[in-house]
Amino acid sequence: MTEFLLDIQELYVNFRIYEGILKVLNSVNLKIKPGEKIGLIGETGCGKTTTMKSILRILPIPPAIIPSGRILFEGKDIFKMDVKELNSVRRKDISMIFQDPIAALNPVFKVGKQLESVIKSSTLEKGEELSKEEIKKRSITVLKEVALPDAERLLNNYPIQLSGGMRQRICIAIAIASAGKLLIADEPGTNLDVTIKDQVLRLIGNLVDELGTSIILISHALGTVKGLVDRVYTMYAGSIVEIARIDDLFSEPLHPYTRGLIKSVPKLTGGGIPAGIPGRLPEYLNPPAGCRFAPRCEHAMPICWKSLPPIVDEGNEHEVACYLYGGEAR
Amino acid sequence: MEKEKIKKGWYKFSRNKLSIIGLISVTCIIFIALLANVIAPYPKHAGWFTDFDNAKKSPNLRNIFGTDPFGRDVLSRTMFGFRYSLMMAVVVLIIIVPIGTILGLVAGYYNNTWIDTVIMRVTDIFLAVPSLLMAMMVCALLRPSAFNAMFAMSMSWWPWYTRLIYGLGSSLKNEYFIQSAEIMGASTSHILFREILPNCLAQLFTKMTLEVGWIILAGATLSFLGLGAQPPTPDLGTMVADGYTLLPEYWWISIFPGIAIVFTILGFNLMGDGLRDLLSVEEF
Amino acid sequence: MTDEILSVTDLKKYFKTDEGLVKAVDGIDFHINVGETFGLVGESGSGKSTTAFTIIGVYTPTAGEIVFKGQQVSLVNVKKRPKSIKRQMQMVFQDPGTSLNPKQTIKQILELPLKIHHTDIKDRTERIYELLERVELPKDYLDRNPGAIGGGEKQLVAIARALATNPSFIALDEPTSALDVSMQGKILNTLMRIQKESELSYLFITHDLSLMRNVAARVGIMYLGKLFEVAKTEEFFHKPLHPYTKMLLSSIPVVTDEEEKMKPAKAVSRGEIPSPVNVPSGCYFHPRCVDCMDICMTEEPPTIEVEPGHTVKCHLFSASTES
Numbered sequence: 001m002t003e004f005l006l007d008i009q010e011l012y013v014n015f016r017i018y019e020g021i022l023k024v025l026n027s028v029n030l031k032i033k034p035g036e037k038i039g040l041i042g043e044t045g046c047g048k049t050t051t052m053k054s055i056l057r058i059l060p061i062p063p064a065i066i067p068s069g070r071i072l073f074e075g076k077d078i079f080k081m082d083v084k085e086l087n088s089v090r091r092k093d094i095s096m097i098f099q100d101p102i103a104a105l106n107p108v109f110k111v112g113k114q115l116e117s118v119i120k121s122s123t124l125e126k127g128e129e130l131s132k133e134e135i136k137k138r139s140i141t142v143l144k145e146v147a148l149p150d151a152e153r154l155l156n157n158y159p160i161q162l163s164g165g166m167r168q169r170i171c172i173a174i175a176i177a178s179a180g181k182l183l184i185a186d187e188p189g190t191n192l193d194v195t196i197k198d199q200v201l202r203l204i205g206n207l208v209d210e211l212g213t214s215i216i217l218i219s220h221a222l223g224t225v226k227g228l229v230d231r232v233y234t235m236y237a238g239s240i241v242e243i244a245r246i247d248d249l250f251s252e253p254l255h256p257y258t259r260g261l262i263k264s265v266p267k268l269t270g271g272g273i274p275a276g277i278p279g280r281l282p283e284y285l286n287p288p289a290g291c292r293f294a295p296r297c298e299h300a301m302p303i304c305w306k307s308l309p310p311i312v313d314e315g316n317e318h319e320v321a322c323y324l325y326g327g328e329a330r
Numbered sequence: 001m002e003k004e005k006i007k008k009g010w011y012k013f014s015r016n017k018l019s020i021i022g023l024i025s026v027t028c029i030i031f032i033a034l035l036a037n038v039i040a041p042y043p044k045h046a047g048w049f050t051d052f053d054n055a056k057k058s059p060n061l062r063n064i065f066g067t068d069p070f071g072r073d074v075l076s077r078t079m080f081g082f083r084y085s086l087m088m089a090v091v092v093l094i095i096i097v098p099i100g101t102i103l104g105l106v107a108g109y110y111n112n113t114w115i116d117t118v119i120m121r122v123t124d125i126f127l128a129v130p131s132l133l134m135a136m137m138v139c140a141l142l143r144p145s146a147f148n149a150m151f152a153m154s155m156s157w158w159p160w161y162t163r164l165i166y167g168l169g170s171s172l173k174n175e176y177f178i179q180s181a182e183i184m185g186a187s188t189s190h191i192l193f194r195e196i197l198p199n200c201l202a203q204l205f206t207k208m209t210l211e212v213g214w215i216i217l218a219g220a221t222l223s224f225l226g227l228g229a230q231p232p233t234p235d236l237g238t239m240v241a242d243g244y245t246l247l248p249e250y251w252w253i254s255i256f257p258g259i260a261i262v263f264t265i266l267g268f269n270l271m272g273d274g275l276r277d278l279l280s281v282e283e284f
Numbered sequence: 001m002t003d004e005i006l007s008v009t010d011l012k013k014y015f016k017t018d019e020g021l022v023k024a025v026d027g028i029d030f031h032i033n034v035g036e037t038f039g040l041v042g043e044s045g046s047g048k049s050t051t052a053f054t055i056i057g058v059y060t061p062t063a064g065e066i067v068f069k070g071q072q073v074s075l076v077n078v079k080k081r082p083k084s085i086k087r088q089m090q091m092v093f094q095d096p097g098t099s100l101n102p103k104q105t106i107k108q109i110l111e112l113p114l115k116i117h118h119t120d121i122k123d124r125t126e127r128i129y130e131l132l133e134r135v136e137l138p139k140d141y142l143d144r145n146p147g148a149i150g151g152g153e154k155q156l157v158a159i160a161r162a163l164a165t166n167p168s169f170i171a172l173d174e175p176t177s178a179l180d181v182s183m184q185g186k187i188l189n190t191l192m193r194i195q196k197e198s199e200l201s202y203l204f205i206t207h208d209l210s211l212m213r214n215v216a217a218r219v220g221i222m223y224l225g226k227l228f229e230v231a232k233t234e235e236f237f238h239k240p241l242h243p244y245t246k247m248l249l250s251s252i253p254v255v256t257d258e259e260e261k262m263k264p265a266k267a268v269s270r271g272e273i274p275s276p277v278n279v280p281s282g283c284y285f286h287p288r289c290v291d292c293m294d295i296c297m298t299e300e301p302p303t304i305e306v307e308p309g310h311t312v313k314c315h316l317f318s319a320s321t322e323s
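From first to last, the protein sequence lines are chains U, C and H. Read in order, the letters of the first sequence are residues 1 to 330 in this note's numbering. Read in order, the letters of the second sequence are residues 1 to 284 in this note's numbering. Read in order, the letters of the third sequence are residues 1 to 323 in this note's numbering.
Okay, chain U solo, but in the shape it has when bound (with noise of 0.2 Å):
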């Protein structure tokens, strides 16, 4: 029995535009436990989505190329498995939760519908043949598991009827109706109001300990993934720069980069206008050779522009991709 649910191992991934490749990810690493809760912090265009988007195989081949790399799913390599495997795969094992709502809900068919499909797909997968009237039983316990009231009603409604936190739950009830073993958040609630987002939030929560699925929780923002994850990667331009308990990235954050992201949140407490990082996000059509961090930190040495920096571990699950902590050349 393999040791991890989920295993990316060195992924790279380009695209191919007019202009020339973009080398978007440059070496991805990730390790999931079954069970556990990981989260994947990281800036606009810094790869997280091309990265989940690779999970699932949904990334469009071409433009997308990927030269190598390997994405276990259970000790079997996702890249290698035929269409029906995969199929299988997405059916009962993973499913994802689209950052937003109105993109992910298909406007013309009601939300029992919706829920309909998935769950006749996946209990199909997994052997089982429901009816129509069973369907419909778990369809609205789902739903009522995601808070939503009057259930049945909501069965009959389009999407566009709805707001963005009943759109938002109905997305995670389609994604635990196909209640798998791997559950990928993208940026869950960031189109909502706060206290909506908070209301989801702990509902994805709640629901992650109760059925015991692993959950990848994506965001951008710090604050979103504090209490919910027990780990955090760090990404930044396509490579990961940290992973971390939670707790240990908030109060020991090694990796330049994720200092400077912790020091550009503004504090409830005051403190002023946080400076953020200086400069911006590497071009992907002519990354650095090296760190891909290097231009904007203030630490680097000649070794950093030269090649990409090993993952060293600092113990206590604490590992950081950075020169400044030792290590040889990659």
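Simulated from the structure, these hints should not be mistaken for laboratory data. Please read these numbers as outputs of a predicted model, since none were measured by experiment. One or more of the hints may lead you astray.
What the hints assert, rightly or not - Straight line, CA to CA, 30 Å or less: simulated BS3-like cross-link-like pairs of lysine-lysine:
1) K267/U / K139/H
2) K103/H / K139/H
3) K226/U / K263/H
Once you've looked at the hints, dock chains C and H against the given chain U.
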């Protein structure tokens, strides 16, 4: 900077090989149309000319496309036909595009007011009358001529441009950059022509290119019915009319102009597709 | 005695829609002092953006008064507002992507306000260079299109454009919400620096309370068109009075423990935000309020000044319900 843009534009345009075929076809047509009286073997045949001894001769070395019932060379007349067809398309577009666009801009910007209602309902009325019927009415009221046919076609074609620009304009009007211009105190004409219109040009040009073929077909239809260009003008539609009673025996008289019409529509359509690709925003 | 640059009295803006009458802004009062940043916070449907748009002049108020530098600007149809007023009030929008015309160059974008307000042609180029310098953008940006620059830089251009007419008041509607955290600092610091340099007054709208804490001098919180509480920033965050304010504050995701301690005791958010077409009776917040009393369901609460400069719109503080 500019050179890069052109190179990239060409790359986007030429990704579909058919677009290149379209471009070549259109270039040929324009070339022929412009230089018809230089390259046509018998330029005089495009006007008043008869040679009944040579009438209805099938394609041969002297007349590559054969001759029509009046003894005129079909090839030369077809070449001139391109000229008249293109000219008609250009005239119609020159009339309908400015009128349709301005009406669309105004209606779109003032949408949900009486201005919108008046303009769009008038547009609807014109759209409701079948174009052919409209053309026939106009030609019945005035005498049939190439110019009147163009006028008639303009009357039925402009609403499509109003609709297009209305749709684009009314959605653009809520964008922040328009609000910003309003807040600053920009004049309405500035907002319509300098802010909204530039954002509509891509779709406008694509539409115009794709429509040239259809305008030519409509014009040819009218001429075929005798409502457009009058003899001896070598309009492609008239030429088809000249020969259709003689089918299938004297096929070359109608078929060659017919092929010319198809070739024109195809060429512009393919080029229009390429133009659409060229102007599209690339996302992966 | 600080000068007021803007005061809003019983401002109302209603919209007629297919679903019914939307009372986007339903009777609010506040003022902004010269050189001050006044923050307006609230969730969707609160009416904060509509308030800004109405003050700036995109919408004509349905009722109420807006007084800017001593002049009534609310009575006149916004299109007829004198250019001299338009020049002084500017706005920066939420979405940098659509605030700039994608078909124009930065130069054209910055030139427009100068053209409208009749700056001499020969002075324009210099003025544009000045503006770029103020927001610390390089001169070679002038020939670029908005599509070729990043989100943060687009916002800087939007700010430069707002400064072109030498305004005294700028409304900022979520100016950094669409940007990453690491970019926010630059934009906000630029705004603060410019404010000090030119004694500008800001109406700053955001839903990010942690940000508001560090930007605004005074804060107001809106809900479904009503202004529930207004206070100096310190008081607003350390001693919030309105139940909704407390609910909002307790929902903010924070990173450090000291911030966590500052948040009010968990007033767990519950219920949905009602649709603005279908507002509850009495106090709009009563269906979600933990402290809801009988009177809250039937009567709209009055606005009480609990301490100088700190007003609340809640029955808990009105004299008539004091037990």
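(request) Please name the hints from earlier in the document that this structure breaks, with their numbers sorted from lowest to highest. (result) 1
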